[in-house]
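Put together the whole structure using the sequences plus the hints.
Here the protein sequences line up with chains A and B, keeping their order. FYI, the numbering used here numbers position 9 of the first sequence as 9, with every residue one higher than the one before it. Count along the second sequence starting at 1, add 100, and that's the number in the numbering used here.
Certain hints may be false.
Interface residues of chain B toward chain A, partial, derived using beta-carbon atoms under 7 Å [to be verified]:
(1) 704
(2) 705
(3) 706
(4) 707
(5) 710
(6) 711
(7) 714
Below, in silico cross-link-like pairs of lysine-lysine (DSBU-like), each with a Cα-Cα straight-line distance of 35 Å or less [said to hold, decoys possible]:
(8) B/644 with B/477
(9) B/477 with A/85
(10) A/86 with B/700
What the hints contain is simulated information worked out from the structure, not anything from laboratory work. In this text, all values refer to a predicted model and were calculated from it rather than measured experimentally. Beta carbons are placed, not taken as given, at the ideal position from N, Cα and C, and that holds for glycine.
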Amino acid sequence: MIGLSHYLVVSALLFSIGLMGVLRRRNLLMLFFATEVMLNAVNIAFAAISHFYNDLTGQMFAFFIIAIAASEVAVGLGILIVLYKKQGSLDLDELTTMKG
Amino acid sequence: MENLVYIALFAPLVSSLFAGLFGMSPRQTFVGIVSSALLFVSMSASLMLAYHVYQTGAPIYVTMKEWISMGDLFIPFGFVVDQVSVTMMGVVTVVSTVVHVYSIGYMDHDKSFNRFFSYLSAFVFSMMVLVMSDNFAGLFIGWEGVGVCSWLLIGFWYHKPDQSREENPSISPSWAANEAFIVNRIADLGMLVGIFILYWNVGSLQYSEVFAALPQLSEIILTTAALALFIGAMGKSAQFPLHTWLTDAMEGPTPVSALIHAATMVTAGVFLVIRANPLFSMTPEVSFFIAALGTFVAFFAASMALVNRDLKRIIAFSTLSQLGYMFAAAGLGAYWIALFHLGAHAFFKALLFLGAGNVMHAMHDELDIFKMGGLKKQMKWTYIYMGLASLALAGIPPLAGFFSKDAIIETAFNEGTLILWIMLVVTAGMTAFYSFRQVFLTFHGDERYKAFGIHPHEMYKFVLVALSPLAILAAIAGFFQGGFHDFVTRLLPEYQMSEHTHHLALVLGAIVLTFAVGGIALAYKKYANGLKRDEKTENGFLYKLLANQYYIPHLYEEIISKPYAMISDLMWKSVDLKIVDATVDGIAKFLYKSGDGTRKMQTGNLSNYLNWMAIGGIVLLVIAMLSAMLG
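And the structure:
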């Protein structure tokens with residue numbers, strides 16, 4: 001029988017994978033994917049907990065997150081394309097113009 | 101009548117502000133003339149008020165506005181014109197008008213001419229506030245106001261450098277100004293304590309309410325309050341041991357010495373004792389202390405004047421001595437006699453000082469009387485004025501000083517305090533001697549100034565004319581003794597000589613007169629025919645002791661100034677630099693260092709930032725977990 005804790009373990013694993021991606025990746029596009037993974041890890045946790053408590057609020061929230069993530073991806077990818085056109089690269093080690 | 105009060109009070113303020121407008125511009129004679137005219141207006145108003153109070157006998161109370169009104173505390177800007185304050189107003193405005201006119205001539209060559217008039221009028225305004233206020237708070241404002249103006253005026257020539265003198269370690273106008281101000285601060289603390297004690301126990305600062313409530317207070321409170329107030333009076337009137345500032349204040353311009361350090365400000369202490377006479381008559385021990393101290397100072401100051409060579413300092417010591425006389429009278433309960441001597445003294449002492457100013461002007465600021473002599477040929481009018489003032493000071497009838505001083509000495513006899521009486525009589529002889537030593541050395545004998553290439557000349561005509569009111573008053577003021585007595589004793593306690601003293605009055609007067617004439621005769625014999633230096637006496641112990649002012653300035657330097665400087669130095673180097681500054685600098689250094697250290701975090705690399713963010717998140721998470729686990 002698959003219970004709540006299994007879902008939460010999967011969610012935590014996905015979140016950690018996403019976090020590692022955010023920390024280790026140097027390519028901005030990959031960073032973007034990693035954040036999506038983290039968002040969806042949270043979605044799994046939301047849906048599982050919502051089911052466990054028989055409360056639909058969590059699932060509604062998961063839908064919200066999907067919708068907002070979609071629009072964020074649209075804006076974010078747009079910015080990435082512009083950035084790539086401008087700099088010719090999406091490598092973070094080369095994009096250090098804000099150095100203090 | 102109310103308008104007259106305001107005119108008398110505020111005309112000097114207007115004059116000060118007007119002159120202040122031109123304070124930075126070069127010398128303009130009209131500033132002096134306008135100032136003098138405004139002072140004349142103030143004088144006229146004061147004299148009209150005096151006449152009114154004399155006619156009706158009723159004091160005028162004016163409340164200009166509320167000043168402090170909260171809870172139980174109520175202090176208005178109130179003024180009272182009664183017999184005592186109107187006498188002071190008359191004396192102050194008459195002397196200051198003369199001094200203003202005199203200053204037009206005296207300060208003729210000074211480039212800060214306009215500034216001088218601004219300060220001088222501001223002083224008169226403060227003095228008027230002091231004498232006219234109907235409560236202790238107003239008195240204190242005036243008290244501090246005259247202190248500030250005195251500081252400004254003593255230090256008027258602040259650019260003069262420090263000089264070392266035998267009797268004083270270091271002296272310059274700015275040094276003397278600071279000394280006067282600091283010594284007065286010490287005394288003002290006593291005065292403030294006295295005012296606080298009265299307020300604490302009475303709940304009001306109005307004279308009328310305070311004096312009405314005095315009988316309900318315990319003896320210890322009365323004594324403490326009286327003593328504390330008298331300490332304030334000691335500072336302003338330069339009584340021992342706070343007397344050193346007065347002679348050093350002679351560094352200021354001579355009109356200032358005449359107005360502030362002879363005729364008006366220094367008598368404020370006597371005025372305070374007279375004004376608070378209900379308090380002092382209820383504390384006989386304090387009153388006797390005042391009388392004893394006054395007598396001591398009269399003698400002490402006169403002894404220092406005997407050997408001094410500085411024209412202005414001799415007169416300053418004489419002022420000190422005469423203030424002692426006033427305190428002696430006030431302490432013995434003869435308040436009206438003290439006030440009478442105050443007025444008479446103001447006239448002849450101002451005249452004496454202004455005469456000395458003429459001499460200084462003629463001698464190009466030379467003050468050593470050993471370098472003068474034979475000036476009467478060149479300066480006939482100054483000679484007459486100074487001679488007249490010296491005669492009045494020595495107490496020769498029928499001049500003012502005879503009546504007032506004789507009355508004080510008679511009071512000392514009447515009270516049965518024979519020691520005081522003897523000291524005052526001897527002091528009268530000494531007064532006559534030093535006054536005429538000065539007159540003879542300055543105006544008679546061989547013309548010693550020629551050796552120094554000085555060509556003396558008489559003062560301007562208008563200055564000499566302006567001095568005439570003082571000369572007339574110094575000559576005739578004594579004749580008003582009876583009328584003055586009837587006038588002021590409506591407010592002040594009556595003081596009459598006993599039957600016994602009355603019978604002996606002639607004998608007593610004759611004794612005093614003998615001493616005075618004896619002093620003059622001795623001075624004539626020793627000095628009238630030129631200066632004969634007596635090396636043996638001058639090197640003697642007593643002469644040195646007196647010439648060095650009993651070594652008191654040295655003593656103060658050694659036991660107060662130097663230890664204070666040492667402590668300050670120590671505190672500066674160990675506490676200020678090592679603790680206070682180090683703490684403040686440490687905070688600044690920490691901020692700089694931490695900024696320098698953390699600046700390296702800002703690499704511009706988004707990946708690094710995200711790492712830092714994750715570390716921060718983990719730290720927060722750990723803290724949250726720990727706090728949840730611990731409780």
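Taking the hints in turn, this is what the structure says about them:
no. : hint             : in the structure
1   : 704              : 3 Å, holds
2   : 705              : 5 Å, holds
3   : 706              : 5 Å, holds
4   : 707              : 5 Å, holds
5   : 710              : 6 Å, holds
6   : 711              : 6 Å, holds
7   : 714              : 6 Å, holds
8   : B/644 with B/477 : 33 Å, holds
9   : B/477 with A/85  : 109 Å, violated
10  : A/86 with B/700  : 27 Å, holds
Consistency with the previously given hints fails for number 9 only.
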